[in-house]
Amino acid sequence: MKHSPTLLMCPPEFFGIEYEINPWMNVEVAADHAVAEQQWNGLHEHLKSTGIAIERVEPVQGLPDLVFTANAGLVYENRVLVSRFRHPQRQGESPVFRAWFESFGFEVIEFAPADQGGGYDFEGAGDALFCGDTLFAGYRMRSDATCHQQIGALLGVRVIPVELVDARYYHLDTCFCPLAEDVAIWYPPAFDDYGRRAIEGTIGNLIEVEQAEAERFACNAVVVGQQVFTNTGCPKLHEELASRGYSPTATPLDEFVKAGGSAKCLTLRLDGEEAALW
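Here the sequence shown is numbered in my numbering, starting from 720 and rising by one per residue.
Be a bit skeptical, because a hint or two may be false.
Think about it this way: if two alpha-carbon atoms lie no more than 16 Å apart in a straight line, the pair counts; the simulated EDC-like pairs of lysine to aspartate or glutamate are [said to hold, decoys possible]:
id, residue 1, residue 2
1, Lys955, Glu934
2, Lys977, Glu756
3, Lys955, Glu927
4, Lys977, Asp751
5, Lys977, Glu739
6, Lys977, Glu737
7, Lys955, Glu929
8, Lys977, Glu934
9, Lys977, Glu747
DEER-style ranges, computed between Cβ atoms [as the list claims (entries may be wrong)]:
id, residue 1, residue 2, range
10, Asn745, Asp901, 35 to 45 Å
11, Glu821, Glu929, 41 to 51 Å
12, Pro814, Asp901, 34 to 44 Å
13, Asn745, Gly964, 34 to 44 Å
14, Pro907, Gly871, 34 to 44 Å
15, Val827, Glu777, 10 to 20 Å
These are calculated hints, taken from the structure and not from any lab test. Note that the Cβ used here is the ideal one computed from N, Cα and C, for glycine as well.
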């Protein structure tokens, strides 16, 4: 386990568009493997330049989305709740990530068995993000709302469920990005009315992105202290971040957008999503 700032990434050796499980994916629009590797390496180098440590999970043939390590699980202190993927195409990732977490010294915690009311779909930090001491948990597209109460009990944290209503923003991290204890980037149309009110009523400083930049995955950012890393094509967000004292960096990630992911999807905080250096 790690107590210093650390990320988990997976090289895109076997990354590709092999199936369609979100609106971004089209098997007729293939990812350029050489470009994807170049873009992944670019993000990796940007993140390394901050001084943050980066661990790797080895890629596995037949699991093209293993590269999206944000979906591995939810890390909190020295514990991890490993994901249970909704789609069969990704369910083979869970044992790979479980084995990696166990080898790295994490305590793996579990939902109750399915026959005891715990057969939930839950896709890790893709759908569960801390802002301060509150865990915002997305549901509907990939994760079940019924699991949130158990997550709160397992981790001993406050959980606020928020419903996602636009299939293009199927994970919470595609439309919501905490920056600090009371600051977050978000795209309000991705949420239902209750979700918008819950976020507005809990987080004092919200930075709204416009549709064009949301579609460039502006909210799917990696935050390392005051440094924020996004896909290219988000100039208005970067201008706003700079005005607030952040240092935004754009790095091209379009090959991963073809699969419905970007910078945040490609990383998992091993020191805990609640850490985020605020």
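Review point. Which numbered hints does this structure break?
Key: Hint check: 14 fails alone, others pass.
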